[in-house]
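Student: Read top to bottom, the protein sequences are chains L and X.
FYI, the numbering used here numbers position 185 of the first sequence as 185, with every residue one higher than the one before it.
FYI, the numbering used here numbers position 276 of the second sequence as 276, with every residue one higher than the one before it.
Calculated directly from the structure, the hints in this document are not laboratory data.
Among the clues, some could well be false.
A pair counts as met if it fits within one copy or between any two copies, since identical chains are not told apart.
[Stated by the list, open to error] With a cut-off of at most 20 Å between alpha-carbon atoms, the simulated SDA-like pairs for lysine to any residue come out as follows:
#, residue 1, residue 2
1, 312, 221
2, 216, 273
3, 216, 235
4, 216, 233
5, 238, 219
6, 181, 204
7, 214, 235
8, 304, 220
9, 214, 233
10, 216, 272
11, 181, 251
12, 238, 222
13, 304, 219
14, 238, 124
15, 214, 234
16, 238, 223
17, 312, 224
18, 216, 251
19, 181, 202
20, 238, 78
21, 214, 231
22, 38, 164
23, 312, 219
24, 304, 222
Please read all numbers here as calculations on a predicted model, not as lab measurements.
Single-letter residue listing:
Protein chains: 2
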Amino acid sequence: MNTAFKKRRLALAATLVLATGAAHAAEPLSSWNDGLAKKAIVDFVERVSQEGGADYVHPSERIAVFDNDGTLWSEQPMYVQLAFILDRIKAMAPGHPEWKDTQPYKAVLENDVAALAASGEKGLMELLVATHAGMSTAEFESTANQWIRTARHPKTGELYTGMVFQPMLELLQYLRENRFKTFIVSGGGVEFMRPWSYEVYGIPPEQVVGSQIKVKYEVRDGVPTLAREPGINLVDDKAGKPVGIHYHIGRRPIAAFGNSDGDYQMLEWTTSGPGPRFGMIVHHDDAGREAAYDRESHFGKLDKGLDDAAGKGWIVVSVKDDWSCVFRYACAP
Amino acid sequence: MNTAFKKRRLALAATLVLATGAAHAAEPLSSWNDGLAKKAIVDFVERVSQEGGADYVHPSERIAVFDNDGTLWSEQPMYVQLAFILDRIKAMAPGHPEWKDTQPYKAVLENDVAALAASGEKGLMELLVATHAGMSTAEFESTANQWIRTARHPKTGELYTGMVFQPMLELLQYLRENRFKTFIVSGGGVEFMRPWSYEVYGIPPEQVVGSQIKVKYEVRDGVPTLAREPGINLVDDKAGKPVGIHYHIGRRPIAAFGNSDGDYQMLEWTTSGPGPRFGMIVHHDDAGREAAYDRESHFGKLDKGLDDAAGKGWIVVSVKDDWSCVFRYACAP
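Start from the sequences and build out the full structure, keeping to the hints where you can.
Tutor: Below, the structure written as structure tokens:
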């Protein structure tokens, strides 16, 4: 990363941190309407923070984990990383003339959604490998970084990083002010998120857990390099989430925040430990301000989680009723 | 973990933190003799901490990584985790009568070092799987925790956690006071270290990177469980160290501390990045106070690192000359 770019990054980060701090110094969780969800959050945080109280948790054990897609930012009309993959295929196409006649590349280049869907998980994996492996980690970071700073959401025309959920940013901030350590635990690629997680969420790369491609260390022409290999080291989704948490964090969180059945096991693992526990599901039920989807959705399907939330004691957040404002770009002062 | 035990842990942690803080509030690195090594450390930390200076590094990027065996605590006459494995085989033997006549178990039960050595890496791996897999992560943590709190070093009779290097504890503290984030990056098993890393080193579990056994999430009789499987997910040694750093931390450290050729690639990866970088090797040359070993040692062999240190700009610390006191148990006031 060049120095000028780095300085801009730091300046932007400082601005965001200051802005967030200033806007909410007076009232935490200001984009949350008064209601059961907000009350449950505040009650939990106060209980575990009260020294001498029955539910006190030492700050070193206040670990909170957040899913990313659909929990911290929008996953509609498709995962942001999938949009990145499609854009990369198009950008790389001139160097691969054979893609014009080969599926699933042909489908991407022709915006043929039906053919792309027909290529299934195998097709997607091929696109993932083509765009995510075969380069150094530094090269991938640079590519992902440039893309996220310029690519725009197909519906709103906003930067994707503006389409993070303002109430969740406030929640991250509120937890950190109460000495929680906040982690992302996402099915998305860890290296896709790490370049911007600190700026956008205040979460440093070392607190981002995600799906991982294999890497290999080697000295290439005298230059130490981490090469991205065409193999998967961890699929950090569903039953893989507690595993990713264990590998990276090494202890059970006390609070987990998700939105889909991909987060079910993370919520289950987190909330079944002893002592005070907190689980929350964001339910996307606001077609006007964002999108309304759950049991039938291709992205972020929420079915079993909706059925079991009440029995498990998980709080279901209604975007429509619980959030006074949704996207950062639309809420910022 | 039961509550009484947890409270004792926290009390002990608080005592250690307070003791370390009080002892060194006046003078950091007080067990380091004045010399090139101490001067190099202080110079580096001051350079990266000076805002506006040419070598300033933002605190969020002040990542320092430490090998464990031979760098933070003694690895002689054998790795502590190997002593744990041998003790576990003996403790588990009553449930495995067949071990009396089966290698490599027989060798362990009869303290037959030659036969154990003859079983080679394959034999060791068998012992590792027998003692480290086939139970839940919670069961393993409890076993490791009980062992480390009672087992004693064969030569000094001290608890292993008393045989950590006092100058390195002061170095960890000094770096953290200067807003470094300190990580362990060890060839040892990550779950062997995490139960006590915070108490002993002030390093929380989520900042410990190490070799990793595969785990699997499942709900057993209604209880969410992480089961340890007989397979290795990561060997965090040699070229595996930069890989482990990348998976867990997600960015290149600016300072690395090791003592053996197992740390060579970690030092190389860390110090070949742009901007200010720091690499240090602890050279065990003090037979009187600890042990003298390097090129020929079975544990912690240091050969290539000694040859290349000067050319790479890595500081070689002499235990004999640079440390006024070695083990915590012998230095503590």
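Student: For each hint, tell me whether it holds in the structure or not.
Tutor: How the hints compare with the structure:
| no. | hint | result |
| --- | --- | --- |
| 1 | 312 to 221 | between (55 Å within a copy, 16 Å between copies) |
| 2 | 216 to 273 | between (36 Å within a copy, 17 Å between copies) |
| 3 | 216 to 235 | both (18 Å within a copy, 12 Å between copies) |
| 4 | 216 to 233 | both (11 Å within a copy, 14 Å between copies) |
| 5 | 238 to 219 | between (36 Å within a copy, 13 Å between copies) |
| 6 | 181 to 204 | both (11 Å within a copy, 11 Å between copies) |
| 7 | 214 to 235 | both (11 Å within a copy, 13 Å between copies) |
| 8 | 304 to 220 | between (48 Å within a copy, 19 Å between copies) |
| 9 | 214 to 233 | both (5 Å within a copy, 11 Å between copies) |
| 10 | 216 to 272 | between (36 Å within a copy, 17 Å between copies) |
| 11 | 181 to 251 | both (12 Å within a copy, 19 Å between copies) |
| 12 | 238 to 222 | between (41 Å within a copy, 17 Å between copies) |
| 13 | 304 to 219 | between (48 Å within a copy, 16 Å between copies) |
| 14 | 238 to 124 | within (18 Å within a copy, 34 Å between copies) |
| 15 | 214 to 234 | both (8 Å within a copy, 11 Å between copies) |
| 16 | 238 to 223 | between (38 Å within a copy, 17 Å between copies) |
| 17 | 312 to 224 | between (49 Å within a copy, 13 Å between copies) |
| 18 | 216 to 251 | between (27 Å within a copy, 15 Å between copies) |
| 19 | 181 to 202 | both (11 Å within a copy, 16 Å between copies) |
| 20 | 238 to 78 | within (19 Å within a copy, 40 Å between copies) |
| 21 | 214 to 231 | both (5 Å within a copy, 17 Å between copies) |
| 22 | 38 to 164 | within (19 Å within a copy, 46 Å between copies) |
| 23 | 312 to 219 | between (50 Å within a copy, 14 Å between copies) |
| 24 | 304 to 222 | between (52 Å within a copy, 16 Å between copies) |
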